[in-house]
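Protein chains: 2
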Amino acid sequence: MSAEPIPFPSADRTPAPVDGARHVVIVGAGFGGLACARRLAKSDRRVTVIDRRNYHLFQPLLYQVATAALSPADIAIPVRRILWRARNVDLVMASVQGVDLARRRVALAEGGYVPFDVLVLATGARYNYFGHPEWARHALSLKGIGDARRIRTKLLAAFEEAEICPDPARREALLTTVIVGGGPTGVEMAGSVAELARYTLPREFRRIDPARARIVLVEAGPRLLAAFPERLSAYARTELERLGVEVRLDTKVEAVEAGRVRAGGQEMGAGAIVWAAGVEGADGPGWLGAATGRHGRLKVDVDLSVPGHDGIYALGDVAVGDDNLPALAQVAQQQGAYLGRWLARADRPGVPFRFRDRGDTAIVGRNAAVYAWGRWTMKGRLAWIFWALVHIVLLIDFEKRTLVSVQWLWRYLTYSRGVRLID
Amino acid sequence: MSAEPIPFPSADRTPAPVDGARHVVIVGAGFGGLACARRLAKSDRRVTVIDRRNYHLFQPLLYQVATAALSPADIAIPVRRILWRARNVDLVMASVQGVDLARRRVALAEGGYVPFDVLVLATGARYNYFGHPEWARHALSLKGIGDARRIRTKLLAAFEEAEICPDPARREALLTTVIVGGGPTGVEMAGSVAELARYTLPREFRRIDPARARIVLVEAGPRLLAAFPERLSAYARTELERLGVEVRLDTKVEAVEAGRVRAGGQEMGAGAIVWAAGVEGADGPGWLGAATGRHGRLKVDVDLSVPGHDGIYALGDVAVGDDNLPALAQVAQQQGAYLGRWLARADRPGVPFRFRDRGDTAIVGRNAAVYAWGRWTMKGRLAWIFWALVHIVLLIDFEKRTLVSVQWLWRYLTYSRGVRLID
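Listed in order, the protein sequences are those of chains A and B.
Numbered by the working numbering, the letters in the first sequence go through residues 1 to 423 in order.
Numbered by the working numbering, the letters in the second sequence go through residues 1001 to 1423 in order.
Here chain A stands alone, though its shape is the one from the complex (with noise of 0.2 Å):
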């Protein structure tokens, strides 16, 4: 998108109403925000989809793009491809600024306004820094593809560098990558960086052993993937041990600056800064100007509208109820569904949302996975099988796929890594 504003004879960017077919506009298409388009598709409403990048992203697989297993590519598909049958839903490649209550419309950062009759906010979260934003430049989190892309040319230029440098102390903070958070980002980031270092690289380098390559994993509670059963956290520290990742669990950040970390009292200089920890809702609340939960994310009421303003929803990681449903693209894609399914037929919801628990899953490496559905559990490489097969089948596009296939079984045989660039 061009910086300079767009000149605009007339303001308004969506098509002319339909025969004053009502108006449901929906900010994001990230899991919630596109399930909740796909149910309104055919329907006989105008839809609006409105996002900043034209693609939706899987991002239960961010982290291999991050570590040089995947392509961007594999893990995003066009949001228009995915849309292109329902008629009915227009999708608008624009940045919101903010949403004016008064005149129901959403403003867009290039010029411009969407009037909406219904508003469906699924703008998802951010990492925050725990109070400390100037550790963003040096820590880097991993939501978007550009962050994927910093993530893997910090990670290999770190080896490259280390390569040719000849200060003994430099090279050893070259070859350590910190990860802050042990939830599944995090466990499946260091996971993959061991991975990486210990069986992909060594061969390679001349000068340096990336297989004595350092990988800390820091978290402040007790234990990892605190969202799943102890036994299975206490499994996942267990295999990433066997890859040689130090574990530092009750371990607090205290300073983050170039190449530099301090955590539990102990300084460490860093190669890559990886931040999977501290997680906020994004834009959508500050819009409103509504009462926030846990984790600044928009309080709904039980049918993911937002009290006190009428015809406005949310739904996913900026939205929190009182049964504070995890983070997790399971809760988002129902409650888009949900919403989708009554707002095709109804103003509102006749029946509260409930979530169905799908189990959760997280990856710590090779034959190695966790998976939990309440009560039931199962580790080891059954597991690992299955979030491969789950994986999968949820990508939402035939190519992707056969391309994500090929590139695991390859992956899977010869401990290769394909997408190893350096931007």
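The reader is advised that the hints may include incorrect statements.
Simulated restraints on C-beta separations [said to hold, decoys possible]:
#1 A:T377 to B:D1423: 55 to 61 Å
#2 A:A255 to B:H1295: 50 to 56 Å
#3 B:K1042 to A:R137: 42 to 48 Å
#4 B:R1356 to A:V406: 31 to 37 Å
#5 A:R260 to B:A1346: 46 to 52 Å
#6 B:I1392 to A:G131: 36 to 42 Å
#7 B:D1310 to A:P166: 53 to 59 Å
#8 A:R260 to B:R1358: 52 to 58 Å
#9 A:W408 to B:L1394: 21 to 27 Å
#10 A:G131 to B:A1109: 34 to 40 Å
#11 B:E1230 to A:R401: 45 to 51 Å
#12 B:T1238 to A:W408: 56 to 62 Å
If you're looking for bench data, these hints aren't it; they were derived computationally from the structure.
Positions of the beta carbon are idealized from the N, C-alpha and C atoms, including for glycine.
Position chain B relative to chain A; hints supplied.
Quick look at chain B alone, frame taken from chain A:
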């Protein structure tokens, strides 16, 4: 690579010499440099390859990255992976700043240097803008992966912007792509952009008709593909016109501004401008202060040595001999192999380099390619299948071959393009 200079206790970036082995330093891991390094593998020379990127780029398919058909990683292979078995070959990822001829060492921008006994410059070519460097900001050229991503973003964002643009004149400009240069890259770009607009995008937009996008190919000379027989030039033109490309021959570009091109006295607004004309030798010549020939390429002798510089060679796009060989991958590759073979056992080649023409090919569109081998020519679907097979085989990496094949087959069957990311 971090921006700040790295402190070096010792400035020499290469490991200690092995028993006085001659040290061959190759700058550039393109087709030429890599072929040279591979022939030197397992010889008793010490070899160092210096490249500012960590990957070898399969440049002939770069236009497919720029038009959303392939991912960058599909055509970029880590140099370390290619050379990992060659234990006498070292890789330094760094930018060369100059050559210290007196002390026979290459100076790196990152600090430090690499001493050499024999130096091989294989730095390739870059676009020039006929004395108008300021055009580079608005007319994107296609040399590296960053360029391809920028063009892809520019192309796709223009359609997105047009979709929400209420000003008809501006919309028309956004839906115009101007490509400058009627050589293989220009022809391939024009064909590929036309197919993207005609076949892939139309179903997905609601308010614009991408199929009516205007694609203009501007060539200063009297025909397209000047290096091919006239019959094939005429064929390429007919095929492009069948795809709706406006081909303007004998037309000189007079001015380029943001979103505007003046060519042959006519002004055109444009959503994207691609520069595929005017190539010159890259940095090498400046480092030596040696004589340059056509297009600023380093003049070389029949054995690829740079006259007046003992033990310094140049090959590929940065070099030119009296035989005036074209800037083609196969020339660079054969020169690299020739030089590597000789340098593995002697201090300089014993016989002159002789180019073996493998024929030259360019693709216009689906089922439409041209191939010329001396007076023997081929065009249409057969040439297209031949082109695809040759390029699949030439891709150096098995995984890439599979991935590219899958994507091509998928695209052939569905007209879809899988890599439509706006960065």
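Falls inside 46 to 52 Å, the C-beta gap from A:R260 to B:A1346?
51 Å, holds
Is 50 to 56 Å right for how far apart the beta carbons of A:A255 and B:H1295 are?
53 Å, holds
Take a look at whether the Cβ-Cβ distance between A:G131 and B:A1109 falls inside 34 to 40 Å.
38 Å, holds
I want to verify a distance hint. Is the separation of the beta carbons of A:T377 and B:D1423 within 55 to 61 Å?
40 Å, violated
Cβ separation of B:I1392 and A:G131, checked against the hinted range 36 to 42 Å
Violated: the Cβ-Cβ distance is about 53 Å, outside 36 to 42 Å.
Can you tell me whether the CB distance of B:D1310 to A:P166 sits inside 53 to 59 Å?
29 Å, violated
Check the following: the C-beta atoms of A:W408 and B:L1394 are separated by a distance inside 21 to 27 Å.
25 Å, holds
Using the beta carbons of A:R260 and B:R1358, state whether their distance is inside 52 to 58 Å or not.
At roughly 53 Å between Cβ atoms, B:R1358 and A:R260 fall inside 52 to 58 Å, so the hint holds.
Given the hint of 56 to 62 Å, check if B:T1238 and A:W408 actually sit that far apart at their C-beta atoms.
Because 44 Å falls outside the window, the suggested range is violated.
Verify the CB-CB distance for B:E1230 and A:R401 against the hinted window 45 to 51 Å.
Once the Cβ atoms are compared, 46 Å apart, the range 45 to 51 Å for A:R401 and B:E1230 holds.
Please test the hint of 31 to 37 Å on the beta carbon pair from B:R1356 and A:V406.
35 Å, holds
Indicate whether the distance between the beta carbons of B:K1042 and A:R137 respects the range 42 to 48 Å.
With Cβ atoms ~45 Å apart, the hint holds.
In this structure, the earlier hints numbered 1, 6, 7 and 12 are contradicted, and the remaining ones agree with it.
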